[in-house]
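Asker: Sequence:
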Amino acid sequence: MRIGNVTRPDNLSYRGLHASRKKLTRLGLNNLPYIPEIEKCADKYEIVLKKTASIVDKRHKIINNSLIAGGIGMMAAGPFVSEIITAGMISIGFTSLILGMTLRTIDTEDTDRNINKHALQGGKYFKNNKVIRSVSKEYGLNTPIDIDTINYIGKKIYQEVEQQEINRFLLLLAKYRPETEPAQYLSVIKEFGNASCMNYEVDMTGNTLLTKFFDIVPNEKNQKAYNKVIEKLRKTKDIDYNQRDNFGIPILEKILNSENSQALELVKDFEFDYSPELDYAFENITDEIFKLKAKNLNVKRI
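Residue numbers (the working numbering): 1 to 302.
Any given hint could be a false lead.
Each computed PhoX-like pair below joins lysine-lysine, with the alpha-carbon atoms no more than 25 Å apart [said to hold, decoys possible]:
(1) Lys293 with Lys212
(2) Lys212 with Lys155
(3) Lys51 with Lys175
(4) Lys221 with Lys235
(5) Lys228 with Lys254
(6) Lys212 with Lys156
(7) Lys237 with Lys293
(8) Lys235 with Lys300
(9) Lys40 with Lys235
(10) Lys224 with Lys293
(11) Lys224 with Lys237
(12) Lys156 with Lys221
(13) Lys117 with Lys23
(14) Lys221 with Lys44
(15) Lys127 with Lys156
(16) Lys295 with Lys268
(17) Lys190 with Lys22
(18) Lys22 with Lys117
(19) Lys155 with Lys175
(20) Lys44 with Lys127
(21) Lys293 with Lys235
(22) Lys155 with Lys228
(23) Lys50 with Lys137
(24) Lys40 with Lys50
Have a look at the derived ranges for each label pair, beta carbon to beta carbon [unchecked claim]:
(25) Ile147 with Ser20: 35 to 41 Å
(26) Glu231 with Arg177: 42 to 48 Å
(27) Glu138 with Asn219: 48 to 54 Å
(28) Asn222 with Pro144: 54 to 60 Å
(29) Leu170 with Asn296: 49 to 55 Å
(30) Ala119 with Asn222: 44 to 50 Å
(31) Thr180 with Lys295: 45 to 51 Å
(32) Lys295 with Asn219: 25 to 31 Å
(33) Gly206 with Lys237: 39 to 45 Å
Hints are computed from structural coordinates only; laboratory data are not their basis.
All residues carry an ideal CB built from backbone N, CA and C; glycine is no exception.
The task is simple: from the sequences and hints, build the whole structure.
Answerer: Structural data, given as structure tokens:
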């Protein structure tokens, strides 16, 4: 996801948030990158900060209308007013004082004459200056905004968009029913829009599309489709390779056991959680070149 025109203080892109810096500052949200739930949602989906309404301050209207009416009245009664001023009934100094007080009052009100209302909304994609597909509800922002409120809104937006995406995925799963055919995985990914759907669960036991995929052994028949799925995964940044299947077997153990070079290349830069079974799987690798590459994997020991 690209950010519109909002960046972190260190000039790194803040992925997926569409708002002007001016609006963020005005609402006191210029530290949005440090608000966890908003950052989490904007990192995976798109969030837009939009202006929903502009209300003219009634006090400004009253003062402005009074000034206009007063000016018109003086113009209409020009000769009479002129005679009064000439006669000394209203001095120039007094007139200036009254006018100055009125203008100062107008200036004060003028700075806040428009009360702008804003809202946050999320969706999967951002197009034509709005979020589209799997769109969340619109959440109005009241000022002043506190961190707890904005975190709550960010969490709600994320949950709503995520649930809609899961529902779309489940419909595709029923349509294609991928099991051991990489071509079916490819169809699901293509229609879903990206490979992030590989993280979603496919049954009640905790298996995901990703854990199922790494049970597939590539062969001459399915190699072409398998390669394309691997490439889709390579281009998707939010894939979690620390997942385990319903038997508790981690994805990395599956890769080591199958000595799958393509899969190993795919995950070479991923940070894996250590588990004892990985040592056993590593020791049983028969291909020395594969073993040497596996030795350089980034496995985090707690």
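Asker: Within a Cα-Cα threshold of 25 Å, do Lys40 and Lys50 meet the stated pairing?
Answerer: Since the Cα atoms of Lys40 and Lys50 sit roughly 19 Å apart, the hinted pair holds (cutoff 25 Å).
Asker: Sort out whether Lys137 lies within 25 Å of Lys50, counting only the CA atoms.
Answerer: 13 Å, holds
Asker: Sort out whether Lys293 lies within 25 Å of Lys224, counting only the CA atoms.
Answerer: Holds, at about 24 Å.
Asker: Could you say whether the range 49 to 55 Å given as a hint is met by the Cβ separation of Leu170 and Asn296?
Answerer: At 38 Å between Cβs, range violated.
Asker: Does the structure keep Lys51 and Lys175 at a Cα separation of 25 Å or less?
Answerer: 40 Å, violated
Asker: Quick one, are Lys293 and Lys235 close enough, alpha carbons at most 25 Å?
Answerer: 21 Å, holds
Asker: Between Lys22 and Lys117, does the CA-CA distance stay at or below 25 Å?
Answerer: 14 Å, holds
Asker: Could you tell me whether the CB distance from Thr180 to Lys295 stays inside 45 to 51 Å?
Answerer: 30 Å, violated
Asker: Does Lys224 pair with Lys237 here, judged by a C-alpha cut-off of 25 Å?
Answerer: 22 Å, holds
Asker: Hinted pair, alpha-carbon criterion (25 Å max): Lys212, Lys155. Please report holds or violated.
Answerer: It is violated: about 29 Å lies between the C-alpha atoms, which goes past 25 Å.
Asker: Within 25 Å, alpha carbon to alpha carbon, are Lys228 and Lys254?
Answerer: 20 Å, holds
Asker: Check the hint pairing Lys221 with Lys235 against an upper bound of 25 Å on the C-alpha distance.
Answerer: 24 Å, holds
This entry does not satisfy hints 2, 3, 6, 12, 14, 17, 19, 22, 25, 26, 29, 31, 33, going by the numbered hints stated previously.
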